[in-house]
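A.B. asks: Quick mapping for you: the protein sequence lines, in order, are chains A and B. At position 108 of the first sequence the residue is numbered 107 (numbering that gives the first Met the number 0), and the sequence of numbers has no breaks. At position 85 of the second sequence the residue is numbered 84 (numbering that gives the first Met the number 0), and the sequence of numbers has no breaks.
Calculated directly from the structure, the hints in this document are not laboratory data. From the three backbone atoms N, C-alpha and C, an ideal C-beta is built for every residue, glycine too. It cannot be assumed that every hint is accurate.
Claimed, not checked - With a straight-line Cα cutoff of 35 Å, these simulated DSBU-like cross-link-like pairs (lysine-lysine) come out:
#	chain 1	residue 1	chain 2	residue 2
1	B	Lys176	B	Lys157
2	B	Lys176	A	Lys70
3	B	Lys66	A	Lys70
Unchecked claim - Reference listing, derived: stretches of chain B covered by chain A, where coverage requires no fewer than 3 residues with Cβ under 8 Å from a Cβ of chain A:
#	stretch
4	72-81
5	174-180
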Amino acid sequence: MKCDKAKNWILLMQSGELGGRETGLLRDHLAGCASCRQFQGDSAKLCAVKATASPTPDYILHAIRHAAVQKQSLEKEERGILIFWRPMAAAAAAVLLAVLSWSVISGRGGAPVQLAEHWENGIDEKLESLEMQITSASYELEESGEWYEEDADELAAQLLAMEEST
Amino acid sequence: MKEQPELEWLEQYRQGDVQALGLLVEHYRRPLFGFILRMTEGRGDPEEVFQEVWFRAIRNFGKYKPKSFLSWLFRIAHNLIIDRVRSAKPMRSLQDADDDEMPLEERLAGSGHDPAKLAGASDLGKRIANAVSGLPEEQREVFLMRTEGGLPFKEIAKIQNISINTALARMQYALAKLREELKDEYNGS
């Protein structure tokens, strides 16, 4: 076994991630390799020193608890909204389904057909009114164009007269 | 104590017992705070990061899959610290800038985070703490996740999104550098 691999295995053994068979092979290697034994000792020594964290200040614990309480009340509120709206939505869907089923079963096409006719009539009316508006607008445009042309002619005549006089 | 006490506390918290959250915070305080403390050296307030980790945890308790709660907390801390580095928020005041000439040890002592206290108050601990702060970011993180959190390399690799061999290599580099920094200590002993 090469020392690089052995060192990886030493680290894995120390973290409890090395299998039994590999541990046996590693022990064999360690028995004959002073450099890897040295690495094993150093690693154990360096990893043993931990930071000594001071107790968490009260204000942090307080802030964390406060956030937790807020989260919980928000969740309760959301649950409450769902509890209220779910049956309402279900009831509305059931009514809609019943109306559609009735119109299909009765074979009259009922409400949806009437709605479609109404919709189409509405569209036609809108289109007609838009056409009227466009036509009247184009008339207005033409008239104003003529007016502008007359205006321009008059101004040109004035300009010519001024040039001649100078 | 049960193997995964957090599951019971989480359940109690879900049922509205906020005190259970206090137990959870206290149980994981030492490894988590130790990690954050040494990862954020010179880059902000570890207490603020610690608090933010828990805020994020609280918001995402629903997403936690019962494996290792500590690994999950470390993953949140890792992401949070990366976010802070990316947003380049060193959080240093003008007063801090004047302290640049001071040795790190003194600066940390001045900030209330004495390396000696951080590392068990022994001289070796103090020197190791100082040497660790000089490691490159990725190596330092692997070293601290292993030593402070006791996380297995498999988990560390997942958190850093690298292969287990890369995590092991980073640990080896970190140990080699620390060994080099502390050679006097080793030769003397």
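A.B. asks: Next step is simple, just say for each hint if it's right about the structure.
C.D. replies: These are the hints, each one checked on the structure:
1. With a CA separation close to 24 Å, the supplied pair Lys176 of chain B and Lys157 of chain B stays within the 35 Å bound.
2. For the hint linking Lys176 of chain B to Lys70 of chain A, the alpha-carbon distance of about 45 Å lies beyond 35 Å, and the restraint is violated.
3. With a CA separation close to 23 Å, the supplied pair Lys66 of chain B and Lys70 of chain A stays within the 35 Å bound.
4. With 0 residues having a beta carbon nearer than 8 Å to a beta carbon of chain A, the stretch 72-81 of chain B misses the requirement of three or more and the stated coverage is violated.
5. With 3 residues bearing a CB less than 8 Å from a CB of chain A, the stretch 174-180 of chain B meets the requirement of three and the coverage assertion stands.
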